[in-house]
Amino acid sequence: MFIARSEYDRGINTFSPEGRLFQVEYSLEAIKLGSTAIDYLAAVHYTTGAQHTILTSYQVATNEGVILGVEKRVTSTLLEASSVEKIVEIDQHIGCAMSGLQADARNLVEHARVECQNHAFHYAEPLRVESCTQAICDLALRFGETGDDEESVMSRPFGVALLIAGFDEDGPQLYHAEPSGTFYRYDAKAIGSGSEGAQAELQNEYHRSLTLEEAETLVLKTLKQVMEEKLDAKNVQLASVTKEKGFRIYNDEEMGRAVATLGGNQ
Amino acid sequence: MNHYPEVWGRPRDDIYGPYNSSYLQTTGPKTHTQSPAVTGTSVIAVKFNGGVAIAADNLASYGSLARFTDVKRLRVFGDSAVVGFSGDVSDMQYIDRLLESLDIRENYSTHGNMMNAKNLHTYLSKVLYKRRSEFNPLWNHILVAGFDEDKKPFLSSADLLGTTYSAPHLATGFGAHLAIPILRRLFPEEKPLEEISKGEAEAALRECLKVLWYRDARSLDKYSIAVITAEGVEIKEDQVIEAQSWAFAESIRGYGAQVN
Amino acid sequence: MMSFMGHQPQSQAVGYTFSQPTNAPNKEHSFYPYTDNGGSTLGITGADFAILAGDTRSVAGYNINSRYAPKVFKIGGDDDTGEGAHIILSVVGFAADGQALKERLDAVVKMYKYQHGKPMSVRACAQRLSTILYQKRFFPYYVHAILAGLDEEGKGALYSYDPVGSYEREQCRAAGSAASLIMPFLDNQVNFKNQYIPSSGDGHALEPKKPEPLPRETVEQLVRDAFTSAVERHIEVGDGLQMMVITQNGIEEIYTPLKKD
Chain A
1 MFIARSEYDR GINTFSPEGR LFQVEYSLEA IKLGSTAIDY LAAVHYTTGA QHTILTSYQV
61 ATNEGVILGV EKRVTSTLLE ASSVEKIVEI DQHIGCAMSG LQADARNLVE HARVECQNHA
121 FHYAEPLRVE SCTQAICDLA LRFGETGDDE ESVMSRPFGV ALLIAGFDED GPQLYHAEPS
181 GTFYRYDAKA IGSGSEGAQA ELQNEYHRSL TLEEAETLVL KTLKQVMEEK LDAKNVQLAS
241 VTKEKGFRIY NDEEMGRAVA TLGGNQ
Chain R
1 MNHYPEVWGR PRDDIYGPYN SSYLQTTGPK THTQSPAVTG TSVIAVKFNG GVAIAADNLA
61 SYGSLARFTD VKRLRVFGDS AVVGFSGDVS DMQYIDRLLE SLDIRENYST HGNMMNAKNL
121 HTYLSKVLYK RRSEFNPLWN HILVAGFDED KKPFLSSADL LGTTYSAPHL ATGFGAHLAI
181 PILRRLFPEE KPLEEISKGE AEAALRECLK VLWYRDARSL DKYSIAVITA EGVEIKEDQV
241 IEAQSWAFAE SIRGYGAQVN
Chain G
1 MMSFMGHQPQ SQAVGYTFSQ PTNAPNKEHS FYPYTDNGGS TLGITGADFA ILAGDTRSVA
61 GYNINSRYAP KVFKIGGDDD TGEGAHIILS VVGFAADGQA LKERLDAVVK MYKYQHGKPM
121 SVRACAQRLS TILYQKRFFP YYVHAILAGL DEEGKGALYS YDPVGSYERE QCRAAGSAAS
181 LIMPFLDNQV NFKNQYIPSS GDGHALEPKK PEPLPRETVE QLVRDAFTSA VERHIEVGDG
241 LQMMVITQNG IEEIYTPLKK D
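Protein sequence lines correspond, in order, to chains A, R and G. Residues in the first sequence are numbered from 1 upward in steps of one, following UniProt numbering. Residues in the second sequence are numbered from 1 upward in steps of one, following UniProt numbering. Residues in the third sequence are numbered from 1 upward in steps of one, following UniProt numbering.
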């Protein structure tokens, strides 16, 4: 795999003879490894049992949504934990968690926010979660040399992956978007360092009839297992997307409650 | 006569009115064509059973001056489409070059599907609409005759604003006033196309051109006529209006020696 | 030499403007990029349908360009015939702009389906049409557009526009050259304006008749009546009546002749 790699990893858009784009592959590494902004996160997509696609019935819909969770790696006791922002809002109904170079993520998030606002302006309706993810991936792939009439974009691939959670007419959805511009929809997905272990855990524990509380607990439990530090209300962050409240990041009180519940369950 | 030799022989304002020097201006906004210069008058066309006939005279006028008397205003495109131009002749020649390069491009990409008259009309109307939207119009009113994709007779119009419409018989310019009523009487719209023969259509156009020659001061008695059928385009560019009768002129007030 | 004339005071009353610097006003653009192609359109909604109609005459001044130039179009269909469309649009005013607008909206609706994997709702299309019109605010599409379809609940939806994108959802709307003839008729017959329940009270106590969605047959007849009347009183309206009825079963197109005079 590493043979003659250096020959083909200089140009951004140069394929190797085996058909690989090394710079893109390196950017995938940036999500898992490295020091500065690399971290781990997990997200669980939960729905209520048999009726998870029915949206018209109000009482069923209240129990549907997505939970996002991240570990905030507090590298210093002097670091203000609340300034570590790894879950952000894109629109009222869409939010995302990131892993990798956070500065790169800002570009993608900004783009997604503009797309959402543009769509609402032009069509008087919220942008679909899949369309939002597609818009992000379109930008993610716009790297390399720019033509004369193109606007200048990134000269390298974005070194960040996103977990995009949202709620639209198709119900709650979770997407994973990579720097390569590909995206997939998941029921539950973990990315970042230690994601292999976390993903295995999710695979075992996830089922389609998770409730909101159960999903919270599953996310925290999974995080706890792969975190080096002891999990507390300060070094993890949760967010939810539901039909009623849209996207919201948990405040300190809610975090405290969720972490306490986890402690009680164990 | 005054004491200023510079102005001797020059037009005096009190006699000739103030001199209009606006055309000497070099400043001010960039201007495009404000009005046509050398123009062609009516184009007339009619559909018949199995084809379309189209005609226009061979005159290019410069205002009221009959400037060029052998200008061909029917342009054959491919093997089954004809475009008839009225309006500015230089813009017609520009569109002609446009069609020439389009034709060459079409023939190079030998996919077998030559553009039909309907495609051609769509193309030309987009060119005209684009130019009007840039405030730089191509000062023409054109008729496109031929066949559509189902091999049915096709006749449609497009003007300098990009307005398009089609009907069984169409005419531009004066023809819209003088030829259309004749054609509508000869071939009522409710009459099926199958009942109109090629000969009838052609004869009707010649008759209309005669009326136009009588009453349109910017017309000519030499004209071109094209008949498009499944067999191809049959175009005659040196036709003369025959069997003229100017007897009616006697009754016109102000004509000839009769002054009032 | 000419400048000598410019500053030398003239003792005589005789003037020589040719020698003066050019200060004549700029020539005005004589090209006017619009024309009025006449005609009228009309839309009415019911509980589970919407109707858009327009006459098929196209005029230029006192000339009739064509007796069959449709003004009502299917938007976002799968092919040239408009099969599979669920939105209809009527445009009246400057026909070339109407054509351009219709083609643009059609492309937008098709692209929307590719990009978002679902058909565009009438509400979304209505907002998009508004932004399309408004984006050309300073060189407007000189048309009065009416958009129709069925809303999320399956009820008839009708949106009417001014040339620069101001829009409103309504029960009925007439547009075009005979709008001022047809609209009052519609106010009375669809929204029951100036209709009161007989002997329901005296003076101000007289109870107005409440408007309610009309059945399809009634609406179709109202449309025909509106146009046959407009034809009598407006020279730009006539030749043919094109009607499109949109229901949950699709779009039905009906053509009936009008007077050709």
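Just so you know, the hints here were simulated from the structure itself, not pulled from any lab data. Cβ coordinates follow ideal geometry from the N, Cα and C atoms, glycine included. Some clues are possibly wrong.
[Unchecked claim] Label pairs and their in silico Cβ distance ranges:
1) A47/G - I235/R: 57 to 65 Å
2) I235/R - E103/G: 38 to 46 Å
3) G84/G - R185/A: 23 to 31 Å
4) V114/A - S166/G: 19 to 27 Å
5) E106/R - R185/A: 14 to 22 Å
6) N118/A - T218/G: 39 to 47 Å
7) Q244/R - I235/G: 55 to 63 Å
Going through the hints against the structure:
1. At roughly 59 Å, the beta carbons of A47/G and I235/R sit within the given window of 57 to 65 Å.
2. Separated by about 33 Å at the C-beta atoms, I235/R and E103/G break the suggested range of 38 to 46 Å.
3. Separated by about 27 Å at the C-beta atoms, G84/G and R185/A satisfy the suggested range of 23 to 31 Å.
4. Between V114/A and S166/G, the C-beta spacing of about 25 Å keeps the proposed range 19 to 27 Å intact.
5. A C-beta distance of roughly 46 Å is found between E106/R and R185/A, which places it outside the suggested range of 14 to 22 Å.
6. Taking the beta carbon of each, N118/A and T218/G are about 42 Å apart, inside 39 to 47 Å as hinted.
7. Hint check: Q244/R to I235/G, Cβ distance near 35 Å, so the stated range 55 to 63 Å is violated.
The structure is inconsistent with the numbered hints 2, 5 and 7, although it conforms to all the rest.
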